[in-house]
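Protein chains: 2
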Amino acid sequence: MAVCPVCNAKFDSGDYYTMATHFINLAEDSDAYHVQWINRNISRKKMDITQFTSAIENFYNIAHGGIKEWIINKFVEQFRGENPHPFILKMQSYSKPVMMGYAIEHYFFLKQWVKSCSIIISKTDLDDVQRYEIENILSEYYGRGRKKPHIELLLEMGEELGMDRVQIFATEPLDSTKFAISRWKEITNSCNWICIMAAMHSLELVANSKLNNYGAKYDYFNPGMLDSPLVPDSVKKFLGEGYKSDYSHSFRALDIIAKYCHDYNMEGIQDAYLMSAYAFDRYLEARMERGEMFENQ
Amino acid sequence: MAVCPVCNAKFDSGDYYTMATHFINLAEDSDAYHVQWINRNISRKKMDITQFTSAIENFYNIAHGGIKEWIINKFVEQFRGENPHPFILKMQSYSKPVMMGYAIEHYFFLKQWVKSCSIIISKTDLDDVQRYEIENILSEYYGRGRKKPHIELLLEMGEELGMDRVQIFATEPLDSTKFAISRWKEITNSCNWICIMAAMHSLELVANSKLNNYGAKYDYFNPGMLDSPLVPDSVKKFLGEGYKSDYSHSFRALDIIAKYCHDYNMEGIQDAYLMSAYAFDRYLEARMERGEMFENQ
Numbered sequence: 028m029a030v031c032p033v034c035n036a037k038f039d040s041g042d043y044y045t046m047a048t049h050f051i052n053l054a055e056d057s058d059a060y061h062v063q064w065i066n067r068n069i070s071r072k073k074m075d076i077t078q079f080t081s082a083i084e085n086f087y088n089i090a091h092g093g094i095k096e097w098i099i100n101k102f103v104e105q106f107r108g109e110n111p112h113p114f115i116l117k118m119q120s121y122s123k124p125v126m127m128g129y130a131i132e133h134y135f136f137l138k139q140w141v142k143s144c145s146i147i148i149s150k151t152d153l154d155d156v157q158r159y160e161i162e163n164i165l166s167e168y169y170g171r172g173r174k175k176p177h178i179e180l181l182l183e184m185g186e187e188l189g190m191d192r193v194q195i196f197a198t199e200p201l202d203s204t205k206f207a208i209s210r211w212k213e214i215t216n217s218c219n220w221i222c223i224m225a226a227m228h229s230l231e232l233v234a235n236s237k238l239n240n241y242g243a244k245y246d247y248f249n250p251g252m253l254d255s256p257l258v259p260d261s262v263k264k265f266l267g268e269g270y271k272s273d274y275s276h277s278f279r280a281l282d283i284i285a286k287y288c289h290d291y292n293m294e295g296i297q298d299a300y301l302m303s304a305y306a307f308d309r310y311l312e313a314r315m316e317r318g319e320m321f322e323n324q
Numbered sequence: 028m029a030v031c032p033v034c035n036a037k038f039d040s041g042d043y044y045t046m047a048t049h050f051i052n053l054a055e056d057s058d059a060y061h062v063q064w065i066n067r068n069i070s071r072k073k074m075d076i077t078q079f080t081s082a083i084e085n086f087y088n089i090a091h092g093g094i095k096e097w098i099i100n101k102f103v104e105q106f107r108g109e110n111p112h113p114f115i116l117k118m119q120s121y122s123k124p125v126m127m128g129y130a131i132e133h134y135f136f137l138k139q140w141v142k143s144c145s146i147i148i149s150k151t152d153l154d155d156v157q158r159y160e161i162e163n164i165l166s167e168y169y170g171r172g173r174k175k176p177h178i179e180l181l182l183e184m185g186e187e188l189g190m191d192r193v194q195i196f197a198t199e200p201l202d203s204t205k206f207a208i209s210r211w212k213e214i215t216n217s218c219n220w221i222c223i224m225a226a227m228h229s230l231e232l233v234a235n236s237k238l239n240n241y242g243a244k245y246d247y248f249n250p251g252m253l254d255s256p257l258v259p260d261s262v263k264k265f266l267g268e269g270y271k272s273d274y275s276h277s278f279r280a281l282d283i284i285a286k287y288c289h290d291y292n293m294e295g296i297q298d299a300y301l302m303s304a305y306a307f308d309r310y311l312e313a314r315m316e317r318g319e320m321f322e323n324q
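These protein sequence lines are chains A and B, in that order. The first sequence begins at 28 in our numbering and counts up by one. The second sequence begins at 28 in our numbering and counts up by one.
Source of the hints: derived by calculation from the structure; they are not laboratory data. Be a bit skeptical, because a hint or two may be false.
When the alpha-carbon atoms are kept at most 25 Å apart in a straight line, the in silico DSS-like pairs for lysine-lysine are as follows [to be verified]:
| no. | chain 1 | residue 1 | chain 2 | residue 2 |
| --- | --- | --- | --- | --- |
| 1 | B | Lys-138 | A | Lys-286 |
| 2 | B | Lys-212 | B | Lys-95 |
| 3 | B | Lys-205 | A | Lys-150 |
Only chain A is shown next, with the shape it has when bound in the complex:
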């Protein structure tokens, strides 16, 4: 089965003709979300149904480099390529409101993150997968010895930027964050461990500092921020932590997926990635939207 990452419409496995028709019809109806997805992932050029079908077929093709490279290439194209996600552009210079928006929406992301990752442990018997996820939960959520977890660094950043953590807990996430979380919940509850892993850990590529070989044109954020006297310490600590660790972390997950993928339905893994990447795209918009709310206050 193939799935439209935007609206979750289902198609028979490999039926890219019907999928292309779906996209073309919605583009003709000027459906903003589908148009945006096509622009960011397929092409900005107008195509007829034959060209579009062939473009989608190409899009799913993993003959070169296997699933690991496929996920990295797709992620880079959608978020950090020539035409990057607007949130990545925002992160090329320090902006207090953007980081405040980040602190709020990302708290809710991390609350879902720990749920998605812990269910992976319960859906497999593989020791390396379970250990990877336990380590991930420690570094993101619980802490390791004296090392604070990512969620604590996030909350401390929020505090230095002027927001009490109780205020963050009590905030309602924005609609795009809610949409993304509900999709990650759906993936978490209905998919097998390898699909959940592809869906969740691919997202850590956003902060991976070693993606230049894969065509990344932008860093996650301007690394000059880490040395700038204008940037608060807690922001440096929060961003620096991910900058140092997420590249090995995200590659390790993709290596695990590549190791076991042949025992599973490959298209299912690709769909889980695409569904999640689309949710992430919308979620990054929520970070910006929240930042704009602070900017306009």
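With chain A's structure known, arrange chain B on it following the hints.
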């Protein structure tokens, strides 16, 4: 809804009359499992339907002491009271074959344990519950700093008793272990977090050394084994670890359940406990059965 812990037959909530009829009918048909459950949990005396209904009603009554005491009292009665589980009797002196049986069957128990506990993290947003379960996974399965996890101490015990760990991994668990695991899987997949917690962490009461006030007549094992020159070091380490920590650990889980139970269906929590305790009863038989297989070799 009330549930027969033996065969999972369902009854309307509080309909103890029909439940009593179910037990009486199966006892009259000499169904060994139902008879055994009645003997260990209700009474060894023959009762008519009125007496039996009232006994079941009494059995579910948590008016005195609430859910924490109810679980402890039920557990003690079934496993460590006047009429203890035969496995507890076996553990009153050191037996190499029994510990070998324990090492094999318990490996499969712990593989399921980590799955049941990790899903609890994914089914709640409560920070204290999630942290408790992460800590539990570290001590049972992953390790904390230099402290080896319980599963590693188990495997090292198996090795000192003459069984390679690869041999343990490759062994098929006995039918009673399989039955128990499949029931824990069912609870894990279908129940809410508090029911899974009641089902799983109540079982740690087996090794709790502070149950004398609750009527326990037997220790989990003869504590003299910890000082005996006849007992291998790895057995002492394995048993000693649980002996030192399980009492606070199991009480902490029951305190969490007591804290939040009023937001949930109480009978559902009781049923989850009863279903799991019955599975545990059968699983302890598998430990003995495996021990006997070594004894007869």
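Structure-based check of each hint:
1. With a CA separation close to 22 Å, the supplied pair B:Lys-138 and A:Lys-286 stays within the 25 Å bound.
2. Between B:Lys-212 and B:Lys-95, the direct Cα distance comes to roughly 23 Å. Compliance with the 25 Å bound is thereby established for this hinted pair.
3. Restraint check for B:Lys-205 and A:Lys-150: satisfied, since their Cα atoms lie roughly 17 Å apart, inside the 25 Å limit.
Hint compliance for this structure: every hint is met.
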